[in-house]
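Residue numbers (the numbering used here), protein chains in the order written: chain A, 688 to 983; chain B, 688 to 983.
I should point out that these hints are in silico values taken from the structure, not numbers from a laboratory.
Misleading hints may appear alongside valid ones.
No copy is singled out in the list; a pair is fine if it fits within one copy or between any two copies.
As the list claims (entries may be wrong) - Below, in silico cross-link-like pairs of lysine-lysine (DSS-like), each with a Cα-Cα straight-line distance of 30 Å or less:
{"hint": "1", "residue 1": "Lys818", "residue 2": "Lys830"}
{"hint": "2", "residue 1": "Lys785", "residue 2": "Lys983"}
{"hint": "3", "residue 1": "Lys967", "residue 2": "Lys830"}
{"hint": "4", "residue 1": "Lys752", "residue 2": "Lys934"}
{"hint": "5", "residue 1": "Lys933", "residue 2": "Lys790"}
{"hint": "6", "residue 1": "Lys888", "residue 2": "Lys818"}
{"hint": "7", "residue 1": "Lys818", "residue 2": "Lys752"}
{"hint": "8", "residue 1": "Lys711", "residue 2": "Lys855"}
{"hint": "9", "residue 1": "Lys785", "residue 2": "Lys934"}
{"hint": "10", "residue 1": "Lys707", "residue 2": "Lys830"}
{"hint": "11", "residue 1": "Lys888", "residue 2": "Lys822"}
{"hint": "12", "residue 1": "Lys691", "residue 2": "Lys830"}
2 protein chains.
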Amino acid sequence: MDFKEELRKYQKEIELELEKYIRKEDCPERVLNEAMEYSLMANGKRLRPILVLASYRLFRQDIQKCMPFAIAIELLHNFSLIHDDLPGIDNDDFRHGKLTNHKKYNEATAILAGDALLNQAYMVISNELLKTENKYDLELKIKVFNEFTIAIDRMIAGEYVDTEFEGKDISLDYLEYNYNNKTGALIRLCVRMGAILANAKNEEIERLTNYAEKIGLAYQIKDDLLSVEGDELITGKPVGNDEARKKCTYISKYGLQEAKDVLERLIAEAIKITDDFGEKAEFLKELALYIKNRNK
Amino acid sequence: MDFKEELRKYQKEIELELEKYIRKEDCPERVLNEAMEYSLMANGKRLRPILVLASYRLFRQDIQKCMPFAIAIELLHNFSLIHDDLPGIDNDDFRHGKLTNHKKYNEATAILAGDALLNQAYMVISNELLKTENKYDLELKIKVFNEFTIAIDRMIAGEYVDTEFEGKDISLDYLEYNYNNKTGALIRLCVRMGAILANAKNEEIERLTNYAEKIGLAYQIKDDLLSVEGDELITGKPVGNDEARKKCTYISKYGLQEAKDVLERLIAEAIKITDDFGEKAEFLKELALYIKNRNK
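Sequences and hints are given; from them, build the entire structure.
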């Protein structure tokens, strides 16, 4: 398998699908719709929806069936990026090398575009429920809807804790709580959604959840590393940002080397879990390596 | 029927129920939970959840069955108030005579408390779907979930249009579009939710929708009137606010008298619709009068 090729295929598939959810009508809220599109189409990595699809694909091949849920995740993810970037929260001017939403439009538009994307994610899910006739499939989708609400709740709580403790030295427990909620909850949700929708066995769902927890924490540590060692032109975010804000991160707490060691260990553990699923999990294995080695 | 007594009974019932959804645990996001509680418990009129319950009660008496949906509406309504008050949007310092959320806490907390309330509304709905076993009831609840997502989408679009056109003279079409979305969509949803959950006939649902559209527009016009003629100590909002912002309202467009005439007409039409439902609709009839005569 050519991982990069696979990844691009997934990205393209998701972007083609996302296009269908973008509103182009001429209506009084046209600029709001444009602002939503601006963030949705801003060169995201599509990692989260890809996780939904790849997890589903371990068990079933008809991924069109879980595509709307992958789209819901991407809508939701963009809501969280727009709100996190706001002046009242992280006050970031750039994201993916482009102006952030409130810089491109204005604050009111960015707040409402975020709100609308969060709500649109639920709109997509409700449309899926509405058209599902098979009782058993409906049960799975309702379970996924419920897990979705809980993960987003955790994500928002994590973002709050991140904001509240900026500039303070916090305990490892708090830092991990923060990482597990802010980034981890959503990545965990993606993998579980795919597996649940594919009707995987509970034991398989739990093993994949474990994989997701490893790569979720690894993803956040890698983000911390990129904030110190990344190439601004590639990451699209200013280097040294976390330090300038006196953010408590794995690096500020343990130093660069220890953070790298933890990252290595987590990825090795994640890969070990994919081994249990055999060859069909090759993409998820490569994805774990990609999270470690990515430069943006 | 003593309307004021009935209204107070409903309010008390809703507030007792809301208490169950407030999180009191000692956790890292404790202050976020407090901020959510602060707005939820800030002397709201509870008009929207009351509409859900009163509409349900036209057809069925076991209102506990639709209570979670009434709660979801109140959570949702508070999300919209917190975000509308933000410095980036309406920049209001007071609401219900108390400091607005971002004034009491800070902007980051208010943004995230709003996000969390919107998401919590969906969490409540998903829990309801999860525990509904009867196939037919489940269908009704999924229909309500779907209408919920659409109404919130309209509400956010309406708020956007309101922001974008502040200070501009807009056409009557735009003004009505704005009112129908910003305030109307949610009031319409409340009434429909109650009727759908109670398994009312389509024709009854449509008649009630018509009622909701009348009182929804009336509610917004009354808000405009209170902004000019209200008592600041009672409304809890500064008088002359709309004018100071050069907001285009029914009053700025047609003058005070014409706005009052339209309000009278809409309420008379709403009352006429309740007559079709006979005596059991007395509360909804009185509620229409209350919307016209309220002083806050």
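These are the hints, each one checked on the structure:
1. Taking identical chains as interchangeable, the C-alpha atoms of Lys818 and Lys830 lie at most 30 Å apart whether they share a chain (16 Å) or sit on different chains (10 Å).
2. With identical chains, the CA atoms of Lys785 and Lys983 are at most 30 Å apart within one copy only, with a shortest distance of 14 Å there and 45 Å across copies.
3. In this homomeric assembly, Lys967 and Lys830 come within 30 Å of each other (Cα to Cα) only inside a single copy, at 25 Å, whereas the closest approach across copies is 38 Å.
4. For the homomeric pair Lys752 and Lys934, neither the shortest alpha-carbon distance inside one copy (41 Å) nor that between copies (47 Å) is at most 30 Å.
5. Taking the closest pair of Cα atoms, Lys933 and Lys790 come within 30 Å of each other both inside a single copy (23 Å) and across two copies (25 Å).
6. For a Cα distance limit of 30 Å, the shortest separation of Lys888 from Lys818 qualifies both inside one copy, at 25 Å, and across copies, at 21 Å.
7. Taking the shortest alpha-carbon separations for Lys818 and Lys752, both the intra-copy value of 12 Å and the inter-copy value of 24 Å come in at or below 30 Å.
8. Proximity of Lys711 to Lys855 under the C-alpha cut-off of 30 Å is restricted to the inter-copy arrangement: shortest distance 24 Å between copies versus 45 Å within a copy.
9. In the homo-oligomer, the alpha carbons of Lys785 and Lys934 lie at most 30 Å apart inside one protomer (23 Å), although the nearest pairing across protomers, at 33 Å, exceeds that limit.
10. In this homomeric assembly, Lys707 and Lys830 come within 30 Å of each other (Cα to Cα) both inside a single copy, at 25 Å, and across copies, at 23 Å.
11. Proximity of Lys888 and Lys822 under a CA criterion of 30 Å is satisfied in both settings, with 18 Å inside one chain copy and 25 Å between copies.
12. Taking the shortest alpha-carbon separations for Lys691 and Lys830, neither the intra-copy value of 32 Å nor the inter-copy value of 42 Å comes in at or below 30 Å.
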